Amino acid sequence: MRDRRRLAAALAISGLLFGTAACGSGSGSARAGDPNTLEVWTRSDPESAQTYKRVFAAFTKKTGIKIDYQPVMNFDQQLQSRASTKDLPDVMINDTALMGSYQAQGLLKPITPASISGHDEITAKSWSSTVGRDGRHYGIPYSRQAMTLFVRKDWREKLGLPQPKTWQDTLALAKAFATRDPDGDGKKDTYGMVVPGSAQNGYVAWWGASWLWQGGVRIIEKDGTGYRPAMDSAAALRTVTWMKNNLFCGDNGVIQPSALTSVTANTTNFQDGNAGMYLTGPYNISTFDKALGKDKYEVLPAPTGPAGNNDVLADGENVYFGAKTGKARLEQTLAAFLISPEGQTLAMTGDHQPVVRIPVNSTLDAAKVRDDPRWSVVQKAYETASVQFPNAPDFAPVKQDTADALNALFTYCGSDVEAGLKELNDTLAGDLKDQDLLK
Amino acid sequence: MTATVTTPGPRRARFLSKKAVLPWLFLAPGLLLALVFKFLPMGKGVWLSFFDVRPFLGDQWVGLDNYTRVLTDHRFQDAIGHTLVLGIGMSLGGIVAGVLLALLLEGQARSLRIIRTAVFLPVVTATAVVGEMWRLMYYPTSDGLINSGLGLLGLGPVPYLDNPDTALWATMAMGIWMLAPYNMVIILAGLAGVDRSLYEAAAMDGVSLWQRLRHITLPAIRPALGIVLTLAAIRGLRVFTEVYVLTGGGPAGSTDVWMTRAYTLGFSRNDIGGASAASVLLLCVTLLLTVTVNYFRKRGDVR
Amino acid sequence: MSAPAIDPVRTPVTASPAGKSAGKQRTTPARFDTALGWSDRPGLAWALRVLLCVLALGVFAAPFVTVFSGSFSEKASGSTLSFLPHHPSLLNFEVAGERGIWDYFGNSLVIAGGGLLLQLVVCTLAAYALARHKFRGQALILTLFMLTMMLPEEVIAIPLSLVLGHVPVIGLDLKGTVWGVILPLGAWGFSVMVLTEFMKDIPAEIEEAARIDGVGELRMLWQVILPLCKPALGVAGVLGFIMIWDQYLLPLIAAKDPTDYTVTVALSILRTDPEVGSGVVLAGAVIALIPSLIVYLLLQRSLVTGIAAGATKG
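Residue numbers (the UniProt record's numbering), protein chains in the order written: chain A, 1 to 439; chain B, 1 to 303; chain C, 1 to 314.
What the hints contain is simulated information worked out from the structure, not anything from laboratory work. Any given hint could turn out to be false.
Claimed, not checked - Using 30 Å as the maximum straight-line C-alpha spacing, the simulated DSSO-like pairs for lysine-lysine come out as follows:
1) B:K298 with C:K134
2) A:K368 with A:K61
3) A:K61 with A:K327
4) C:K256 with A:K66
Treat the numbers as computed from the prediction; the structure is a model and nothing was measured.
Start from the sequences, fold in the hints, and give me the full structure.
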């Protein structure tokens with residue numbers, strides 16, 4: 001019988017431990033009922049969360065409205081689990097690309113721009129990117145960015161070549177970087193251009209979108225109230241064929257080796273100093289400054305493609321209001337602060353990672369706020385030569401399918417581009433049909 | 001398995017009831033934790049596989065739609081072959097290499113302890129970092145570590161991950177490399193249970209090394225081998241992380257396995273119902289495989 | 001075998017899976033210590049072994065030199081491997097420290113320590129029932145425990161998040177507490193399987209002898225059975241620790257605030273942080289692998305010290 005008692009004791013102890021666990025928790029749930037507190041979620045790592053904390057502290061100080069701020073890494077999982085309890089956060093800041101999906105799931109509250117004070121300081125172009133399927137706005141622009149071309153200035157000058165203005169210039173420069181030993185170490189260990197070409201998370205579509213725009217291609221096109229796939233166009237065939245023949249299946253070294261399985265996190269050739277160009281977002285500027293030095297590289301507008309434009313992909317973050325939360329006035333006050341010059345400036349500066357790249361507030365100048373003229377290149381690209389992915393549909397499946405198809409076409413150099421794009425087009429039609437958007 | 005001594009006489013009935021309750025008392029904490037934190041969420045996951053998942057608007061029953069969608073998707077169909085090749089190749093390679101490592105490094109000497117620890121490094125390093133390391137080792141030019149080695153032999157350079165024909169095999173090699181030291185630990189524990197005096201007796205009888213391994217070592221490490229085999233059955237087809245960190249399923253889907261597809265469906269395409277269906281299918285196959293492996297193991301044990 | 005085998009340290013107990021008793025009190029030559037009969041004297045076989053060991057080190061350990069050298073390099077490259085650090089410095093570790101890696105490291109230690117303790121207790125109890133008792137539904141229960149390993153965790157993530165936010169019946173919110181990570185890890189099929197398999201192999205005579213002496217269930221487990229399956233405990237300990245340490249999704253789901261993250265989560269954050277370079281990530285990786293390596297070093301004696309070998313040495 002003695003062990004029985006011991007067993008009972010052991011069980012009691014484990015029960016006790018369980019109880020202790022209970023006491024440790026339970027805090028922080030007082031906020032839900034407080035009418036003067038907004039629960040705000042952002043998809044942030046701890047570094048950028050510091051910047052958000054600063055912004056929200058300033059807001060509370062100014063308005064007296066408290067913020068229960070939660071930076072979330074696995075945003076969508078957490079949001080889904082909260083959604084199934086029908087208790088959404090009041091305000092969310094997340095990618096522009098998620099709007100279509102969120103709206104389709106009924107997670108968002110429609111927004112009247114006029115109800116946000118300072119709404120007229122946001123350009124019509126930015127506002128137009130938050131229009132949902134039913135023509136109403138479902139987000140407030142918060143931060144934008146556009147891709148630019150990063151070039152090793154020291155290499156280019158050493159080889160005596162001009163800044164690339166067209167696709168031909170870019171290709172010639174890439175070839176020169178690969179073959180003419182720009183780093184002068186006597187070894188053939190440099191590459192022309194960095195490409196995150198993996199289909200994982202749709203990277204190759206993200207990177208390739210700018211090239212498609214410059215070739216006059218759209219992945220899907222608006223057609224009345226719906227959309228239709230547009231990857232079977234002559235422009236698409238011409239553009240994808242050019243990319244395949246010249247970048248992926250062209251001379252060795254034009255792009256870095258293993259580009260086909262690269263994502264941005266493991267594509268470090270540019271900052272490691274063995275690749276000469278990179279078409280990517282401005283968030284890399286601080287990395288490159290640290291790794292290479294400001295004087296070693298330049299930030300240029302993207303080259304002009306065969307369609308005669310140099311449009312690049314733009315994306316960014318929006319402010320979203322959770323559906324049915326009943327704190328509309330507070331939410332509008334917060335949104336007004338977030339897009340105000342004060343709120344935007346706070347989010348662009350500070351010791352931690354900035355959370356606003358290009359301000360949506362048109363009274364601000366990114367280059368001035370950051371005291372860095374290179375940002376004006378980015379801002380100009382966004383304002384005058386950028387195209388976002390369509391925001392109304394849930395673009396995620398479209399992007400993933402495009403990435404799968406492009407990665408396959410670029411991998412098999414002998415592949416039939418026309419047939420591949422035709423197949424992609426059919427797949428995209430299926431994706432749109434799933435969302436009842438196919439026209 | 002005759003664990004308890006049966007006591008004759010009037011005490012027997014009481015003893016039996018105690019005997020019947022006891023194992024459940026010991027099992028209770030484990031079963032309780034598993035129920036709350038594993039089976040409950042899993043039941044919900046299986047449930048979701050029959051729905052168009054829209055947590056806020058209310059999930060919509062779609063019956064077997066998610067299943068048919070997954071099973072008719074040609075990318076999932078392509079993934080089956082890769083999953084089988086990779087799962088079986090990695091598991092068997094990992095077991096063979098693990099046994100060889102264990103046999104080589106068995107022993108008490110301090111030098112062996114150090115070598116064993118060094119060899120264990122692939123298991124303790126974050127998988128993502130291992131993935132980056134192998135990407136660099138596989139660098140497709142002659143500067144790459146493995147290719148420069150091949151260069152010395154007058155071969156190469158091999159494109160490894162960049163070529164759809166070689167990427168799956170390159171992934172398999174990394175998988176085996178990560179798995180072998182893991183299995184080594186289990187086999188070592190099995191080898192530790194071998195009665196040393198049997199080796200001595202065998203030596204006196206002039207038994208060959210092969211017979212010694214076959215008749216003394218092998219029966220003794222059977223439990224350890226059984227564990228390693230069961231583990232292979234459970235994890236083989238679920239292979240995911242190795243592919244995800246190394247190739248992400250590329251190039252051109254040539255290393256896409258079942259789980260990377262399911263992951264893409266759930267996270268890149270926001271199709272939670274479809275991802276659940278794909279996972280449930282995999283779960284059923286894994287369960288079947290595990291039960292089969294265990295059935296044959298039991299038969300082997302009886303024999 | 002007449003004496004009750006209660007304390008195997010004082011009373012030499014022999015347990016051989018083959019069921020043959022062998023209580024030799026003298027030390028055996030090294031060549032009877034290993035399955036292949038390696039000799040510890042220089043010779044042809046010895047040279048072969050050294051050669052093979054070098055090969056094993058080259059294949060399994062040498063690549064890590066690049067990780068270590070990268071972590072100490074002032075400018076580590078993410079696109080080339082180097083075996084020697086460039087401008088050796090501790091800068092990467094300092095940056096990793098600024099990013100709070102030591103706080104996350106502390107969280108990880110608490111979670112891994114508590115989780116492993118719970119896991120070992122829970123799994124040992126379950127394995128004892130499965131291996132040393134006979135009851136209906138035994139095979140089913142073992143299969144259920146194995147099932148805990150077969151669930152792709154991404155699929156159960158959302159339902160698990162709900163459970164952690166509101167545990168059924170008792171209604172606790174475990175999010176933001178270490179229990180939110182520890183409790184779901186308590187029942188791990190692998191440990192149950194390993195311990196069950198090894199416990200099954202302990203000869204019944206030992207248990208019977210103890211039982212005649214009136215040893216009860218808990219003492220039986222603690223003082224008779226457990227000392228005889230030290231290698232299995234070693235395996236469950238080492239691999240259990242690593243399994244808990246490597247958890248990524250669970251700590252994210254259970255966290256309420258970034259201060260709840262673990263070092264594994266922090267490492268993935270560092271990887272995607274555009275402000276830090278590869279060297280910092282490698283430094284983080286080196287920091288993250290040390291505890292697992294220490295646990296392995298500590299427990300590997302029990303892995304390879306055979307029960308029989310321990311017995312023959314007295």
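ask   = Checking against the hints above, which ones are violated?
value = none
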